[in-house]
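S.K.: What follows is each chain in one-letter form.
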Amino acid sequence: MHPDRLFPADPGTRAIARRLYNSVRALPIISPHGHTDPRWFAEDAPFSDPVSLLLTPDHYVVRMLYSQGLSLEELGVPPQAVPAAAAGRPPLEPRAIWRKLAAHYYLFRGTPTRLWLDWVLSAVFETEAPLTAANADRTFDRIAERLSQPAFRPRALFERFGIEVLATTESPLDDLAHHAAIRASGWKGRVITAYRPDPVVDPETPGFAAQLARLAELTSEDTATWGGYLAAHRKRRAFFAQMGATSTDHGHPTARTADLSAREAESLFERVLRAAGTGAVAAADAEAFRAQMLTEMARMSLDDGLVLQIHPGSWRNHNASLHARFGPNIGGDIPTPTDYVGALRPLLNRFGNERALTIIVFTLDESAYSRELAPLAGHYPALKLGPAWWFHDSPEGLMRFREQTTETAGFYNTVGFNDDTRAFFSIPARHDVARRVDCAYLARLVAEHRLPEDEAGEVARALAYALPKQAYKL
Amino acid sequence: MHPDRLFPADPGTRAIARRLYNSVRALPIISPHGHTDPRWFAEDAPFSDPVSLLLTPDHYVVRMLYSQGLSLEELGVPPQAVPAAAAGRPPLEPRAIWRKLAAHYYLFRGTPTRLWLDWVLSAVFETEAPLTAANADRTFDRIAERLSQPAFRPRALFERFGIEVLATTESPLDDLAHHAAIRASGWKGRVITAYRPDPVVDPETPGFAAQLARLAELTSEDTATWGGYLAAHRKRRAFFAQMGATSTDHGHPTARTADLSAREAESLFERVLRAAGTGAVAAADAEAFRAQMLTEMARMSLDDGLVLQIHPGSWRNHNASLHARFGPNIGGDIPTPTDYVGALRPLLNRFGNERALTIIVFTLDESAYSRELAPLAGHYPALKLGPAWWFHDSPEGLMRFREQTTETAGFYNTVGFNDDTRAFFSIPARHDVARRVDCAYLARLVAEHRLPEDEAGEVARALAYALPKQAYKL
Amino acid sequence: MHPDRLFPADPGTRAIARRLYNSVRALPIISPHGHTDPRWFAEDAPFSDPVSLLLTPDHYVVRMLYSQGLSLEELGVPPQAVPAAAAGRPPLEPRAIWRKLAAHYYLFRGTPTRLWLDWVLSAVFETEAPLTAANADRTFDRIAERLSQPAFRPRALFERFGIEVLATTESPLDDLAHHAAIRASGWKGRVITAYRPDPVVDPETPGFAAQLARLAELTSEDTATWGGYLAAHRKRRAFFAQMGATSTDHGHPTARTADLSAREAESLFERVLRAAGTGAVAAADAEAFRAQMLTEMARMSLDDGLVLQIHPGSWRNHNASLHARFGPNIGGDIPTPTDYVGALRPLLNRFGNERALTIIVFTLDESAYSRELAPLAGHYPALKLGPAWWFHDSPEGLMRFREQTTETAGFYNTVGFNDDTRAFFSIPARHDVARRVDCAYLARLVAEHRLPEDEAGEVARALAYALPKQAYKL
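Protein chains in written order, with numbering that gives the first Met the number 0: chain A, 0 to 473; chain B, 0 to 473; chain C, 0 to 473.
None of these hints come from the bench; they were simulated from the model.
A portion of the hints provided could be inaccurate.
Covered by chain A, according to a simulated footprint, are these stretches of chain C (three or more residues, beta-carbon under 8 Å) [as the list claims (entries may be wrong)]:
#1 209-223
#2 292-302
#3 349-363
Simulated restraints, written as ranges between beta carbons of each label pair [what the hints assert, rightly or not]:
#4 A:Ser-170 - B:Gly-278: 24 to 32 Å
#5 C:Arg-262 - A:Glu-269: 50 to 58 Å
#6 A:Gly-11 - C:Arg-298: 38 to 46 Å
#7 C:Gly-326 - B:Ser-121: 56 to 64 Å
#8 C:Pro-78 - B:Glu-42: 55 to 63 Å
This structure is a prediction, so every number in the text was calculated from the model and none was measured.
For glycine and all other residues, C-beta sits at the position ideal for the given N, C-alpha and C.
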């Protein structure tokens with residue numbers, strides 16, 4: 000990995016970028032939103048093998064290989080209903096899958112996956128990068144050997160990666176046993192949870208009614224009444240906060256919000272609940288309920304201080320047959336055009352002027368950056384812009400985020416970087432890419448005499464460290 | 000301010016940009032669309048103080064500070080209904096507000112406001128830039144002292160700024176007394192008006208019915224009939240043209256146009272008028288009426304030669320509670336996705352092939368540049384593209400405008416720069432930024448051997464001076 | 000023409016771009032989609048004159064001149080109903096029209112038309128570029144003189160241009176006589192057809208019913224029944240494949256697809272057919288029928304192997320009066336916002352996981368690149384991204400395509416360049432521009448240490464040659 004990677008090619012600008020980057024390179028990692036498994040840090044067991052660590056759980060990798068004609072089965076992803084064993088086929092050897100990845104590694108040219116994986120191979124495992132058919136066996140063995148060493152256990156890596164705080168994401172129905180175990184263990188690593196109530200907020204989630212019943216059990220509240228349902232949320236939020244949570248997160252199909260009267264909300268809840276019992280909530284009711292719940296969550300945030308994150312606009316499980324066979328999260332989630340100006344208005348008109356509230360909004364629709372999101376965040380005190388998300392947390396995507404939001408919203412209505420990943424090993428690489436791109440953007444401002452270098456340095460450090468800590472109250 | 004600011008960092012390209020810029024730097028300023036106060040030039044009184052000059056009227060400044068938790072009251076913006084005095088509070092000292100701006104000046108890093116304000120401080124007031132907590136009092140005193148000098152009166156600055164013509168924007172109900180006074184004064188500065196009939200065209204404007212009545216008084220036409228209403232417009236347009244106007248301007252929520260038959264239009268007008276009397280015009284009727292009026296305005300333009308400007312796509316007063324307390328124009332205007340292809344078709348099919356007509360269309364939705372606006376302007380003889388507007392008249396925004404429109408519409412279907420501002424002191428800075436960015440874009444074309452430098456120079460001079468004069472018939 | 004044109008200005012990056020480009024510069028041209036006239040290659044007659052060769056058929060040229068006030072008549076484009084002779088006017092001399100082009104050549108500054116025409120003038124005709132009023136007569140004479148030489152006949156140029164394969168586009172009603180003549184002639188140039196069934200698929204095409212009748216005659220199938228209609232398509236596809244076709248192409252107003260049951264499809268077909276007889280197909284039925292036919296075409300592609308191209312999103316003949324007088328393709332086609340995620344889902348859910356199928360999708364709505372198209376192509380095995388299209392096959396447009404699709408879809412889910420042109424003489428220039436821009440993009444990746452130069456070279460060669468051959472099965 001070249002030390003100047005991702006810096007602008009012009010030598011003068013590159014020198015500025017290098018200086019800015021050197022002042023943020025070693026700052027601790029703040030990871031306020033992501034999807035790592037807390038069990039890793041609770042149990043601190045060795046990771047099993049290169050494939051189940053680096054390939055299978057990384058939907059960026061799986062989707063690209065699938066798009067080029069490899070089947071999920073040959074990548075070691077078994078159909079849900081028919082595990083390999085039950086189907087009478089022997090499970091694939093990780094080594095064989097690794098060789099497939101190596102043979103198709105060229106597909107990742109020009110993608111962030113290539114940057115992240117090269118970094119994991121070279122910086123974490125000190126093996127050869129890029130992966131090739133020729134070195135596939137050698138790199139496999141090397142990684143496998145390393146994984147058996149104590150220095151490659153989850154907690155050791157957490158410390159080696161310089162992570163100051165890492166948030167995972169859990170359902171209100173989760174008992175947070177792993178988080179409790181981490182706290183009880185005496186280990187100093189700060190792993191916290193975040194409250195993601197989609198399974199008990201979105202009436203279109205499979206098993207919605209059963210999940211409300213489970214929520215009732217956990218909270219001793221009557222979740223069959225609107226009041227009891229809200230009280231149950233309050234209790235679980237308090238429990239999550241106790242386990243370190245400083246934020247909630249909401250992954251809705253749209254950014255729609257609503258501000259119904261208490262009576263209207265109650266009646267909507269009752270209609271949704273009745274329909275959920277029979278498995279057929281009207282689409283408009285489901286959408287209205289999700290919309291109202293964002294406003295309810297904001298109201299609770301004003302009380303308990305949790306930061307509210309909205310991740311809208313993904314058409315989940317677009318590929319119906321693949322979803323039916325393999326379940327969710329296998330690459331069939333596709334961004335859609337997303338309205339914010341009309342959609343967020345009920346919430347913003349209710350709570351957008353509250354200085355004590357923080358709402359962080361994300362987008363998969365880059366056309367909204369300059370048109371809607373920067374103007375909204377550059378006005379409403381409660382609203383901040385989440386960083387470039389998902390398909391867009393790439394060098395070009397991160398750069399477009401800055402180019403298209405800064406002039407209207409400034410830097411200080413943004414909240415630093417989120418890695419948002421399951422791929423634990425790539426976390427430092429992802430933060431490093433974000434820091435490099437931010438420094439590249441700032442270096443251009445400096446080179447074009449739009450910002451003095453000392454001020455650019457202050458901004459770089461704020462983006463890398465201070466802003467995420469402050470925005471997420473960490 | 001560095002002399003090479005906003006030029007590309009690559010030394011070869013920068014040298015080209017510098018040469019191009021040197022050939023346009025000192026050209027007179029053509030400001031064919033903006034919102035300065037004609038009273039300034041009529042009365043030529045000194046400006047009062049730094050805050051009421053540079054902060055309060057600049058919604059870019061106010062919105063950013065508000066977004067970061069400062070209240071409008073502490074910025075010296077009083078609630079409409081309750082002036083500070085009436086509320087029993089002493090008005091804030093301008094100096095105290097100036098200190099607040101200084102303490103938060105870092106928020107503007109990376110924004111065009113920073114560039115404009117730095118320029119006003121250093122080039123106009125010859126004081127320190129950037130503003131800091133440390134120099135806040137010194138800069139305040141320096142500016143206040145300067146404002147008392149004759150050289151800082153409106154007319155002197157107009158001349159010092161090299162403004163050849165400056166258009167303001169007035170309602171048909173305005174008596175244009177200030178413009179008359181300017182003309183009567185013998186002063187040579189060319190300050191002209193523009194006809195902005197929204198208050199008597201948009202049935203959703205508060206007080207619409209009363210405004211039509213006032214229009215009737217001013218014109219001795221019966222504005223309760225469709226024919227009289229149109230005649231009243233014709234008379235006021237003629238009066239505005241006499242006061243120098245060469246254009247009309249229309250700030251509609253959408254770009255929708257209509258081409259109804261005379262009978263349909265009349266019947267729509269009657270329905271709107273009846274409903275306006277009772278305060279409840281149907282939204283669809285209001286939209287249809289605005290749509291039809293754009294076509295009526297184009298028809299009148301064919302007679303009187305006024306250039307028709309359309310500024311669509313802003314959701315005005317998005318922040319309801321702020322609007323209720325402080326009125327319009329305090330930062331709560333948010334861009335929305337805007338259709339042009341379907342919306343403009345009735346107008347373009349009626350008058351788009353007229354070579355004698357000029358329609359200038361603007362957008363807040365940058366996704367329309369390459370998809371809709373450049374293809375439309377690259378085809379219809381009557382249609383020209385207005386420059387990057389509002390949130391987008393920034394270095395990155397101006398560059399995106401060129402990058403996304405030039406290849407399809409060319410340079411000659413665009414009309415140069417508009418400053419579109421209330422902030423008189425920043426006008427030279429805004430035009431300078433636009434000239435620098437255009438030269439930076441052209442320099443890249445030259446450096447990449449896409450255009451010879453002599454031709455690029457011709458283009459640069461056309462964009463800075465000849466095209467706006469020609470497009471706006473100045 | 001400067002040898003480094005379109006390469007990045009930074010000297011280090013430019014050197015990389017130059018090396019990459021030198022490895023692809025001389026590769027044969029693969030032109031898998033375009034609109035040249037097969038008659039040229041069948042008859043190999045000399046082209047007539049500079050204007051009918053370079054100006055009249057190039058809608059990029061005509062639309063720009065028209066947008067700036069030149070009439071179509073003075074550009075030598077006669078109204079359809081009233082040929083110049085019949086109207087009693089003498090046809091315009093080509094030389095007079097050429098002088099008009101020369102006098103307005105400055106309008107094309109910054110557009111790809113300028114690059115292409117300069118190249119044709121200097122590289123093909125070895126005359127002066129740019130065209131000016133001063134050299135108009137000289138260049139006209141020079142070109143006219145050259146056109147009379149054997150080296151400037153269609154086949155000689157085809158060979159001189161290094162074209163390996165050139166696809167034209169024909170209706171199922173075409174007898175492909177020119178293609179048959181080319182094959183019978185013994186000439187080795189590979190000119191193939193492509194199956195564009197819009198006239199017999201889109202019920203809103205003028206003459207739809209008559210065209211179905213003609214299709215029946217050609218195939219001896221009863222196109223008044225759903226089964227016979229589909230069988231007729233199968234027969235014509237087979238005939239086209241015999242004449243070299245490897246693809247079909249579909250130019251629909253939207254990307255909508257449908258997956259109806261056989262019974263529903265049949266009933267829709269019958270409804271459409273009945274209404275077409277009376278000239279009034281319901282808009283919703285027309286849209287549904289086009290949507291269903293894309294899925295039917297994909298089903299046939301699984302049998303006969305033809306690649307399916309979808310070119311959606313153009314509002315054809317937006318300028319109604321111009322269309323009425325001059326017919327289609329005179330510049331009044333305007334892009335519209337285009338949905339892909341919902342629109343393509345029925346087709347993708349039916350056939351998107353088929354590895355044996357290739358669907359190539361294009362867009363005129365660049366906002367869909369990163370939001371919809373790259374995520375879809377980066378997932379579905381059957382789906383590939385067509386290159387930047389129409390208004391966007393320009394330097395900036397081609398660059399945005401790479402910048403906005405590569406990180407999610409990679410390079411290998413794209414299919415190289417299409418020239419998509421009627422302007423035969425510009426084909427090498429267009430491919431050259433695409434190769435230069437791809438190399439410029441790759442050079443930046445190399446300079447920023449995102450991709451090693453040897454791998455970038457492999458990608459450059461794939462984009463220029465291997466990928467189009469493979470994707471289009473050539």
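S.K.: If a hint holds in the structure, say so; if it doesn't, say that too.
M.R.: Hints, verified against the model:
Using a Cβ-Cβ cut-off of 8 Å, 0 residues of the segment 209-223 of chain C lie near chain A, which falls short of the minimum of three, so the contact claim is violated. Check on the segment 292-302 of chain C: 0 of its residues sit with their Cβ under 8 Å from a Cβ of chain A, so the three-residue criterion for coverage is violated. A count of 3 residues in the segment 349-363 of chain C with a Cβ less than 8 Å from any Cβ of chain A is obtained; the coverage claim is therefore met, three being the minimum. For the hinted restraint 24 to 32 Å between Ser-170 of chain A and Gly-278 of chain B, the CB-CB distance of approximately 49 Å leaves it violated.
Separation of Arg-262 of chain C from Glu-269 of chain A is about 40 Å and departs from the stated range, judged on CB atoms against 50 to 58 Å. Taken as a hint, the range 38 to 46 Å is violated for the pair Gly-11 of chain A and Arg-298 of chain C, whose Cβ atoms sit roughly 58 Å apart. The beta-carbon spacing between Gly-326 of chain C and Ser-121 of chain B, approximately 60 Å, falls within the hinted interval of 56 to 64 Å. The supplied range of 55 to 63 Å is met by Pro-78 of chain C and Glu-42 of chain B, whose beta-carbon atoms lie about 58 Å from each other.
Hint check: violations occur at hints 1, 2, 4, 5 and 6; the rest are consistent with the structure.
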